[in-house]
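Chain by chain, the residues run as shown.
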Amino acid sequence: MAEKEMKLIVDGKRLDGRKFDELREIKMEVNVLERTMGSAYVEWGNNKVLAGVHGPREFHPKFLRDPRKAILTCTYNMAAFSVDDRKRPGPDRRSVEISKVISDALSSVAVLEKYPNTGIDVFVEVLQADAGTRCVSIVAASLALANSGVPMKDLVSACASGKIDGEIVLDLMKEEDNYGECDLPVAISPRRGDILLLQMDGNLTREEYTKAYNLAVEGAKKVYGMQKKTLLDSMVNLEEGE
Amino acid sequence: MFKVEDREFVIPGQLVGENVCCTENCLNEDDKVYSTIQGMVRVKGNSGKIIPSSGVYTPKRDDVVIGLVVEVLECGWLVDINSPYMSVMMGEEATRNVMEEDLSRYYDIGDKISVKIIRVNEVYDFDLIKPRKLNEGLIINVNPKRIPRVVGKRRSMLEILRKKTGCNIMVGQNGRIWIKSDRPDDVGLAVKAIKKIEREAQTSGLTNRIENMLDNNWGK
Amino acid sequence: MNIEEYLRRDYVATLLKEGRRIDNRKLDEFREIKIEKGYSSEKAPGSAFIYLGNTKVLVGISMDVGEPYPDRPESGVMTTNVELRPIASPLFESGPPREKAIEIARVVDRGIRESGAIDLEKLYIEEDRVWIAFIDIHVLDDGGNILDAAGIAAIAALLDTRIPRYEDGVVVRGEWTGKLPVTCTPVPVTHAKIGDKLVVDPNLEEEYARETQLTVTTTDTINAMQKSGIGAFSSEDVDSAIDTSFKKAQEIREIVEG
Numbered sequence: 001m002a003e004k005e006m007k008l009i010v011d012g013k014r015l016d017g018r019k020f021d022e023l024r025e026i027k028m029e030v031n032v033l034e035r036t037m038g039s040a041y042v043e044w045g046n047n048k049v050l051a052g053v054h055g056p057r058e059f060h061p062k063f064l065r066d067p068r069k070a071i072l073t074c075t076y077n078m079a080a081f082s083v084d085d086r087k088r089p090g091p092d093r094r095s096v097e098i099s100k101v102i103s104d105a106l107s108s109v110a111v112l113e114k115y116p117n118t119g120i121d122v123f124v125e126v127l128q129a130d131a132g133t134r135c136v137s138i139v140a141a142s143l144a145l146a147n148s149g150v151p152m153k154d155l156v157s158a159c160a161s162g163k164i165d166g167e168i169v170l171d172l173m174k175e176e177d178n179y180g181e182c183d184l185p186v187a188i189s190p191r192r193g194d195i196l197l198l199q200m201d202g203n204l205t206r207e208e209y210t211k212a213y214n215l216a217v218e219g220a221k222k223v224y225g226m227q228k229k230t231l232l233d234s235m236v237n238l239e240e241g242e
Numbered sequence: 243m244f245k246v247e248d249r250e251f252v253i254p255g256q257l258v259g260e261n262v263c264c265t266e267n268c269l270n271e272d273d274k275v276y277s278t279i280q281g282m283v284r285v286k287g288n289s290g291k292i293i294p295s296s297g298v299y300t301p302k303r304d305d306v307v308i309g310l311v312v313e314v315l316e317c318g319w320l321v322d323i324n325s326p327y328m329s330v331m332m333g334e335e336a337t338r339n340v341m342e343e344d345l346s347r348y349y350d351i352g353d354k355i356s357v358k359i360i361r362v363n364e365v366y367d368f369d370l371i372k373p374r375k376l377n378e379g380l381i382i383n384v385n386p387k388r389i390p391r392v393v394g395k396r397r398s399m400l401e402i403l404r405k406k407t408g409c410n411i412m413v414g415q416n417g418r419i420w421i422k423s424d425r426p427d428d429v430g431l432a433v434k435a436i437k438k439i440e441r442e443a444q445t446s447g448l449t450n451r452i453e454n455m456l457d458n459n460w461g462k
Numbered sequence: 463m464n465i466e467e468y469l470r471r472d473y474v475a476t477l478l479k480e481g482r483r484i485d486n487r488k489l490d491e492f493r494e495i496k497i498e499k500g501y502s503s504e505k506a507p508g509s510a511f512i513y514l515g516n517t518k519v520l521v522g523i524s525m526d527v528g529e530p531y532p533d534r535p536e537s538g539v540m541t542t543n544v545e546l547r548p549i550a551s552p553l554f555e556s557g558p559p560r561e562k563a564i565e566i567a568r569v570v571d572r573g574i575r576e577s578g579a580i581d582l583e584k585l586y587i588e589e590d591r592v593w594i595a596f597i598d599i600h601v602l603d604d605g606g607n608i609l610d611a612a613g614i615a616a617i618a619a620l621l622d623t624r625i626p627r628y629e630d631g632v633v634v635r636g637e638w639t640g641k642l643p644v645t646c647t648p649v650p651v652t653h654a655k656i657g658d659k660l661v662v663d664p665n666l667e668e669e670y671a672r673e674t675q676l677t678v679t680t681t682d683t684i685n686a687m688q689k690s691g692i693g694a695f696s697s698e699d700v701d702s703a704i705d706t707s708f709k710k711a712q713e714i715r716e717i718v719e720g
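Protein chains in written order, with our numbering: chain A, 1 to 242; chain B, 243 to 462; chain C, 463 to 720.
Chain A with its partners taken away, still in its complex shape:
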């Protein structure tokens, strides 16, 4: 990773003033779209991500249907203006990979047997990107799926940790992601602690990995607390509407 010298820790603090184990500010909301079965919006630092679910619905083409369960497909997409240098619209290799790992993670918790022969489509739109979009996306997608009423064995929570200036820290922001030594996004099923997504690039010693992994899981558990509150509040809010 490190292509350019840049000091990321000054006087024991990170560039944005956070402690090593501190998350960026996170806001969540569900039920934000009209035309989806379920939807969620997550702001995480400068990331802004919208997720929506269509289905369960008829799956096409017919010969690829699974008579035992639904097929869940996630599509991750970045808006052209979500990054500093305009991204050409449409899927690239990176977004196809992220779509796949999110689909895999969500399919591991969704009770797909309830809707044989159907398709469940989860769409993730990154409206502004600032490092860690795959974790934000999976958190938003999991909220949208729960909001849509598709049964799930558990929610999915996620957070990344990484290494900057030799220190293991939680939830990398843009500069730390660009100039740091390692990024380790982790998604878990909070109830059982199962790992549903794990990626790593950079370099870590065996000991550093364990430390970074534990830190990421701790972060994901904090995020889970917010997800839970968001979903519970959304049901209470339904009552209060005029």
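Hints listed in this document are in silico derivations from the structure and should not be mistaken for laboratory results.
Don't be surprised by glycine CBs; every beta carbon is placed ideally from N, CA and C.
Hints are not guaranteed to be accurate.
[Claimed, not checked] Coverage of chain C stretches by chain A, computed from C-beta distances (three or more under 8 Å per stretch; other residues unrestricted):
id, segment
1, 499-512
2, 520-526
3, 539-549
4, 599-610
[Stated by the list, open to error] Below, computed lysine-lysine pairings styled on BS3-like, alpha-carbon distance capped at 25 Å:
id, chain 1, residue 1, chain 2, residue 2
5, B, K274, A, K228
6, A, K174, A, K87
7, C, K659, C, K709
8, A, K114, B, K291
9, B, K291, A, K153
10, A, K229, B, K274
11, A, K153, B, K286
Starting from the structure of chain A, add chains B and C where the hints point.
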């Protein structure tokens, strides 16, 4: 033992209780029971169930639903009932001479009908009987999980809606509601009341609030 | 086959025969418009999120430096792209823009280009180097009349746009030298024909019931027009649509500029 109160909201993966009997929308692991959906727990003694707050309609036996004819086949009609699964209604529901007649005489593409569901199997093959055409009128969609509240206990809510708005209302269990009246204002009022029921489905005292709302709107 | 369309269009049409709309609006009344300028300001030089009733559209403007068109060597470049994201409707599919998205992009583009809203001459930097303004329209929730939502949000986003610093042949991200020169505020107004009536700003149900539609984009002159959909207008229809468009555009302009 239940770990949640009666009428408490739960989310997927949340522990509902240990050594309890929970039959709907939950998951058993060893002695523990977890919710698989977001919704409200109803507890009665040592048994309970979880009422979902959202989700698509899945066909159930004996449900009366509102369907749309999407294709005329040789043997019957393909009907959409607002669920992931389409169904065929047999031509015999309209005529004895299925093979000799043009079935579009009875029901054509785009026709709205109320139908009853009989026999549903595990891959959601099901049969539809007793079609009735729903001419004119407005069909609105509401969250299918909120339909029981729109109907109410012993159809009390539906009766209030009909009486106070003067509309002809037919509720499909699949989340489609047909409303008909010669006065557009009455239809508008019925829609407003139904949307309020949908939003506030999980609260108590709803029947009274709807009655008040309709009384206050009357004549406006 | 669009199920919702079959379920509702007859009722909308019947109601409109009596001069009434399904959401009780007047025939020339828009739904509520809310605009949040600078929505993606951490990254995009300009942006605007619009709520037009239930329709939600986000427009982002990206500024880049590139070569001018050979026939206009001293003029900047603008391009417009529409993404009908599948999240916005169960009927939209993934993949490259199809004809509906391309038509919307071209109508929005014409309104902005022909009104001269962006002063392209001022986007000249040096020989063979001009600013390119990318207008990217991201449709997120289709509650009807995406075209007007897109066009209104596009001009709102342009009004919000800053020009990045350009030094030694490199665009410096996150530093700005000034605002994009915008000279006027073109506003599209779409009229749907249902039976023999014209309604502005059709919602989803009205789009199901409409035969054809006409979009008129105005400043103090008419800058773009587009008839879209199968069906016909009388010349009286068009005259009346133009008059209404001028009136409505002025109301909306105040919201956009405000």
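Tested hints:
With 6 residues bearing a CB less than 8 Å from a CB of chain A, the segment 499-512 of chain C meets the requirement of three and the coverage assertion stands. Check on the segment 520-526 of chain C: 5 of its residues sit with their Cβ under 8 Å from a Cβ of chain A, so the three-residue criterion for coverage holds. Counting residues of the segment 539-549 of chain C whose CB lies closer than 8 Å to any CB of chain A gives 5, so the stated coverage by that chain holds, three being the minimum. A stretch counts as covered by a chain when three or more of its residues have a beta carbon under 8 Å from one of that chain; for the segment 599-610 of chain C and chain A the count is 5, and the coverage holds.
Our distance criterion of 25 Å between C-alpha atoms is met by K274 (chain B) and K228 (chain A), whose separation comes to about 20 Å. For a cut-off of 25 Å, the pair hint linking K174 (chain A) to K87 (chain A) stands: about 17 Å separates their Cα positions. With a C-alpha separation of about 18 Å, the suggested pair K659 (chain C) and K709 (chain C) falls inside the 25 Å cut-off, and the hint holds. For the hint pairing K114 (chain A) with K291 (chain B), the CA-to-CA distance comes to about 17 Å; that is within 25 Å, so the pair holds.
For the suggested pair K291 (chain B) and K153 (chain A), the alpha carbons sit about 16 Å apart, so the restraint of at most 25 Å is met. Taking the CA atoms of K229 (chain A) and K274 (chain B), the gap is near 22 Å; set against the 25 Å cutoff, the hint holds. Note on K153 (chain A) and K286 (chain B): the hinted pairing holds, with a Cα-Cα distance of about 24 Å set against a maximum of 25 Å.
In the structure shown, no violation is registered for any of the earlier numbered hints.
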